[in-house]
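Participant: So the sequence lines, in the order shown, correspond to chains F and E.
Going by the working numbering, the final residue of the first sequence carries number 1189, and the count climbs one at a time with no gaps.
Going by the working numbering, the final residue of the second sequence carries number 1189, and the count climbs one at a time with no gaps.
If you're looking for bench data, these hints aren't it; they were derived computationally from the structure.
Among the hints, a few may not be true.
No copy labels: a pair is met if it fits in one copy or bridges any two.
With a cut-off of at most 20 Å between alpha-carbon atoms, the simulated SDA-like pairs for lysine to any residue come out as follows [unchecked claim]: (1) Lys873 / Leu1085; (2) Lys1188 / Tyr984; (3) Lys906 / Asn928; (4) Lys835 / Thr1171.
Protein chains: 2
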Amino acid sequence: MHKKLFIPGPVDVRPEILEAMSAPMIGHRTKDASALGERICKNLQKVFYTDNPILLSTTSGTGLMEGSIRSLTTKRAIVFSIGAFGNRWAKLAKSNNVPVDKVEAEWGQPTLPEIVDEYLSTGKYDVFTITHNETSTGVMNPVEEIAEIRKKYPDVLWLMDAVSSMAGVRIEVDKLGVDVCITSTQKALGLPPGLSVCSITQKAIDQGRKVEFRGIYLDVIALYDYMQKKAYQYPSTPSLSHMFALDKQLDYILNEEGLENRYARHLEMAKITRAWANEHFEQFAAKGYESNTLTTINNTKGISVADLNKRIGELGYMISNGYGDLKEKTFRIAHMADRTVDVLKELLDVLDKEIAKM
Amino acid sequence: MHKKLFIPGPVDVRPEILEAMSAPMIGHRTKDASALGERICKNLQKVFYTDNPILLSTTSGTGLMEGSIRSLTTKRAIVFSIGAFGNRWAKLAKSNNVPVDKVEAEWGQPTLPEIVDEYLSTGKYDVFTITHNETSTGVMNPVEEIAEIRKKYPDVLWLMDAVSSMAGVRIEVDKLGVDVCITSTQKALGLPPGLSVCSITQKAIDQGRKVEFRGIYLDVIALYDYMQKKAYQYPSTPSLSHMFALDKQLDYILNEEGLENRYARHLEMAKITRAWANEHFEQFAAKGYESNTLTTINNTKGISVADLNKRIGELGYMISNGYGDLKEKTFRIAHMADRTVDVLKELLDVLDKEIAKM
């Protein structure tokens, strides 16, 4: 039995998109491949609200996170972490011998603009990273406020992980001034995992050229240069199946559902989930910083989350246990991609009934 | 109109496999995901003739080539190149500041065992790379002979690019003594691009642990450790769609077609193509070293390959021009994956007719 997924990726994918995944192969060095790449990039620019180029990488989001922090840091990076995926930035940097410092907020709390100000004012850094939406804690960062403070430090590159929020929440990349904004397909974009994408500014590209050893496969400069030279083609054979699916899904997002409706639906699902969480448990994320794409819930009743997930699994639903040390202490309900309000309500009803029995 | 692909990847994919690509998503941290990963790895062990673990990477083959040469070289690597994809090993090493030397054979020639002996006998190297099947030149290396010589140097790790041959030609990894053997899905395995796989020996893993900065996403040690700890799961979200398709295709290869029949079909297609090439043109690969999965043909008639490809394109077929500097001087006909002898003959008839008109 297929389980309806309320986990923060992979998400359920609409049948039309799954069908697009199964289109026959084409040559990746053809005009058709260039046209496909160009269409995807131009449509992603609308989703990202950017005029900057978009790069596609046949990796998960982690691949582009590693590629960007490694390829673009010439001096030292500062990672503002609010959870497990924030911490990942620092691990990626260290594993590549990239000098890095990390400021980790108490889990459940956001990155405060004054902390960003404090660290960037030292002048020690030429790169900083922000997690837009932290999948482990369900916190969404106040990026507009961070963008305001950041105006004081325009030369420090801003890398942002928007893996679990882009296309579910409005993120105006150019207006914010983000230099590299990363997402991947298996979250709010509503596709299977296997492809990640990022926007990149000229400033980032110029800085990256000064880094001597950037590797090749994950190097954002190598991706950019090839794409520029070879009309939206890529150095290695990309996942064409994901590109077919992404092409179709972007058309749906932009021209059928519409971005505004998509954001509104995500917000409505978030409000319903938060209300349910507040009624039965409590939210893990600090008030005012709750994510629109997933809700992390404190397990105040001390139920067995594993058991709950097993029970609802038999009924065809799946949620996520807490991440890492938060396992059993919290659990997570993702409400993203093409999930509908009705199916979310179905899940909450099932949860009510099963929790009552426990 | 869909063109029948005779290019060395992407290849045409059987409809049942494309359908498997479109299966609904599952959680990547579930027992179902572990069972899927385990089944794939155990079946790939049969295709690789190895008892060593198999790793899956959501990248193209280049990703695992970069990951392995970077993660496993502690001293210095020697690249035995016979063409463009051999040269790629050296570029990947250099871009990661891995000390590397390269010996490049004249294009069209193989790597001779005595050359391997000469370089490994210096004692300077702890890693060497061999291209099993060079896609730019259509040369297949004499790996059994190389394996014989290599017995003198058991401590030097052998990394092998079998991207364009594995599953089309018998490559007995353990018998040869290859430490890391890499392939990707869009060649003789007959799947869409987007996933690569490798086998890895304990000796390679032990050596890799001594390398301090290996990155994370492409690091074969990180993949291995996670897979061991978490029952065939992976550190980042893998391309589940490719895994569904690979699972189904491996069942077909092993239990429906059978490996022996698959190799025989590839050999038959190679013989037919070589005979055609010898009749009208000549082969680029040195005699005795011709690839079983693709044939590179000297354009002795001086026809316009681009024009020929355009003509046959209008009839629903596609071949490859020469690679890099060999463009127009050569052209390539791939005969791999699930291509049938009949459809290959169809192409050769079409080529005959169109060449006669030119």
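Participant: Failing hints, ascending?
Facilitator: 2
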